Amino acid sequence: KAGVTQTPRYLIKTRGQQVTLSCSPISGHRSVSWYQQTPGQGLQFLFEYFSETQRNKGNFPGRFSGRQFSNSRSEMNVSTLELGDSALYLCASSPRGTYNEQFFGPGTRLTVL
Amino acid sequence: QQPVQSPQAVILREGEDAVINCSSSKALYSVHWYRQKHGEAPVFLMILLKGGEQKGHEKISASFNEKKQQSSLYLTASQLSYSGTYFCGTERAAGNKLTFGGGTRVLVKP
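Same order as they appear, the protein sequences are chains A and B. Residue 151 is where the first sequence starts when you use my numbering, and the numbers rise one by one after that. Residue 15 is where the second sequence starts when you use my numbering, and the numbers rise one by one after that.
Hints were generated in silico from the structure; no laboratory data involved. Heads up, a few of these hints could be off.
Here are the computed lysine-lysine pairs in the BS3-like style, where the Cα-Cα straight-line distance is at most 25 Å [said to hold, decoys possible]:
id : chain 1 : residue 1 : chain 2 : residue 2
1  : A       : K207      : B       : K111
2  : B       : K51       : B       : K73
3  : A       : K207      : B       : K64
According to the in silico footprint, chain A covers these stretches of chain B (three or more CB under 8 Å from chain A) [claimed, not checked]:
id : segment
4  : 52-61
5  : 100-113
If you're wondering where the values come from, they're calculated on a predicted model, not measured in any experiment. Even for Gly, the Cβ is constructed at its ideal location relative to N, Cα and C.
If we strip away everything but chain B, and leave its shape as in the complex, we get:
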């Protein structure tokens, strides 16, 4: 079952913060985050395993709330280069297929 991402789109000014959520109705083993810029292939950001750990990539960090089956991606002090579509992918068990959400389009303006 496809995870649900919210919001579907967000517009930011440089330096502003944003949060992207990824929710599943099923228990999850891991959550993966990728960013895809227009006309390019998706690029890996990070993987979070159940256990509620938080990870970071530059000024982008994420958390995984196992009880809520929800992951949140935090864009802090956004830069123009953060523009793109962010996808979360979820695994229900180790080695299972990765199911991606519909994506969140992020536009960072000067």
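This is chain A alone, in the form it adopts within the complex:
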């Protein structure tokens, strides 16, 4: 089976811009979760989608949003980018949810200038 794929792998944006990241889960996996990873804060949970519904949400401002499509692919959007949004954004998929083994993608490295 193909692993979790994320596009793009690298992004450079400027403050105030908006960005959309994409994640394709492993075939058959219905749960997709997003995490923000920074050196100072570690792995921070953003949200989880299961069968197109947001099931859990982390403590991030409303500028961070996501959605999941009927084929389980997911997108994450960050509006009005801030310097502090620079991070590695990881997507993880699992068959049923975060309480199962999650398979992480390679991540999207976002740099905000």
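Following the hints, position chain B against chain A.
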């Protein structure tokens, strides 16, 4: 609330043992362990549910002390391939969000 991992870093010689702890101030339903090598995505190691069970993955095992709300990861007879950052993730109830600790960096030297 983020679980606390200790130590923050550990350096080992091949063949040595180490213990990584993950503590929470809140009651937990489960503890998840992942390892992330430099420049790579985190990889699942194991999940422990409340009940104090112990699990193993190669020579890496873990326990979950429900009374103390603490999990310990045991690296036994460490190998070079064990180097990386170990993260624990905790769930307070089944289906709740997973909250990760700050990570423990492990370096195994020849």
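Now for the hints, and whether the structure bears them out:
no., hint, verdict
1, A:K207 <-> B:K111, "7 Å, holds"
2, B:K51 <-> B:K73, "17 Å, holds"
3, A:K207 <-> B:K64, "23 Å, holds"
4, 52-61, "holds (count 6)"
5, 100-113, "holds (count 9)"
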